[in-house]
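J.: Chains as they are written, first to last, in our numbering: chain A, 1 to 111; chain B, 112 to 228.
Hints listed in this document are in silico derivations from the structure and should not be mistaken for laboratory results. Some clues are possibly wrong.
With the C-beta cut set under 8 Å, the calculated list includes, among others, these residues of chain B facing chain A [said to hold, decoys possible]: (1) L199; (2) L201; (3) E216; (4) L217; (5) G220; (6) G222.
Here are the simulated lysine to aspartate or glutamate pairs, DMTMM-like style, with alpha carbons at most 20 Å apart [to be verified]: (7) A:K103 x B:E221; (8) A:K38 x B:E216; (9) A:K38 x B:E221.
Take a look, some chain B residues computed to stay more than 10 Å from chain A by CB distance [to be verified]: (10) S118; (11) K124; (12) G127; (13) Q129; (14) R133; (15) G139; (16) K163; (17) E165; (18) R174; (19) P181; (20) N190; (21) L193; (22) G195; (23) S197; (24) T226.
Note that the Cβ used here is the ideal one computed from N, Cα and C, for glycine as well.
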Amino acid sequence: AQKVTQAQTEISVVEKEDVTLDCVYETRDTTYYLFWYKQPPSGELVFLIRRNSFDEQNEISGRYSWNFQKSTSSFNFTITASQVVDSAVYFCALVTTQLVFGKGTKLTVNP
Amino acid sequence: DAGVTQSPTHLIKTRGQQVTLRCSPISGHKSVSWYQQVLGQGPQFIFQYYEKEERGRGNFPDRFSARQFPNYSSELNVNALLLGDSALYLCASSSSPAGWTNTGELFFGEGSRLTVL
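Taking the hints into account, I'd like the entire structure generated from these sequences.
T.: As structure tokens, then:
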């Protein structure tokens, strides 16, 4: 069975703080993909990153960085120097034969 | 270029009624998938279509059906609505036949928010 757990339901930070969103996944497949999506209040899901199971390199994109560790089945997402515009619900997702989302983490960045 | 467009954006129905939701993919995308997002939860996969053929189906009852047209737009139909069908229905398009595994990137619309009373 495939499962994605985002243990943090809500996180609140003050602008410029760093924040890490946790994602733990479960799958028996050796080939899979992991994603992060951002969902602002408007509703659409915005693609942030994709990782396949054979690529454990961490990635940095501006203020965003991702830490993929197969040994702990985790794919954590860090926002450095958070901004108010980062406020949204963030979803981690896993794909083998189907796309399975976690329940999301609501991030609120206060000015 | 226009993104994924969905209609209607909001609608209210009563139990037992039927609803049709529409989705137009990004130009050139041949794959469309549908997701149900209940308040406070992550989206759940309902269907995926590619070139008018169903390529995947999630764990939803037969009251849910979908189809894809020659222009790659899609409709999701839900019959005999239940209160529990109240949700945001998201459509996503992709250029990949698998919908996600090749290019990995799905482009989502803003959704249709269905309220069943």
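J.: Each of the hints needs a verdict: does it hold here or not?
T.: Checked hints:
1. L199: Status holds, d = 6 Å.
2. L201: holds, 7 Å
3. E216: holds, 5 Å
4. L217: OK, holds: B:L217 within 8 Å of chain A, min 7 Å.
5. G220: holds, 6 Å
6. G222: holds, 4 Å
7. A:K103 x B:E221: holds, 18 Å
8. A:K38 x B:E216: With Cα atoms ~13 Å apart, A:K38 and B:E216 stay inside 20 Å; holds.
9. A:K38 x B:E221: holds, 12 Å
10. S118: Given that every Cβ of chain A is farther than 10 Å from that of B:S118, nearest at about 13 Å, it holds.
11. K124: About 19 Å separates B:K124 from the closest Cβ of chain A, which puts it past 10 Å; holds.
12. G127: holds, 27 Å
13. Q129: Consistent with the label, B:Q129 stays out of reach of chain A, its closest Cβ about 23 Å off (over 10 Å).
14. R133: The claim holds: B:R133 sits with its nearest Cβ about 16 Å from chain A, beyond 10 Å.
15. G139: holds, 17 Å
16. K163: holds, 20 Å
17. E165: holds, 13 Å
18. R174: holds, 20 Å
19. P181: Holds, since 25 Å exceeds 10 Å.
20. N190: Answer for B:N190: holds, closest chain A Cβ roughly 23 Å.
21. L193: holds, 22 Å
22. G195: It holds; B:G195 is separated from chain A by about 17 Å at its closest Cβ, greater than 10 Å.
23. S197: holds, 15 Å
24. T226: Its Cβ never comes within 10 Å of chain A, the nearest being 14 Å, so this holds.
Checked against the numbered hints given earlier, the structure satisfies every one of them.
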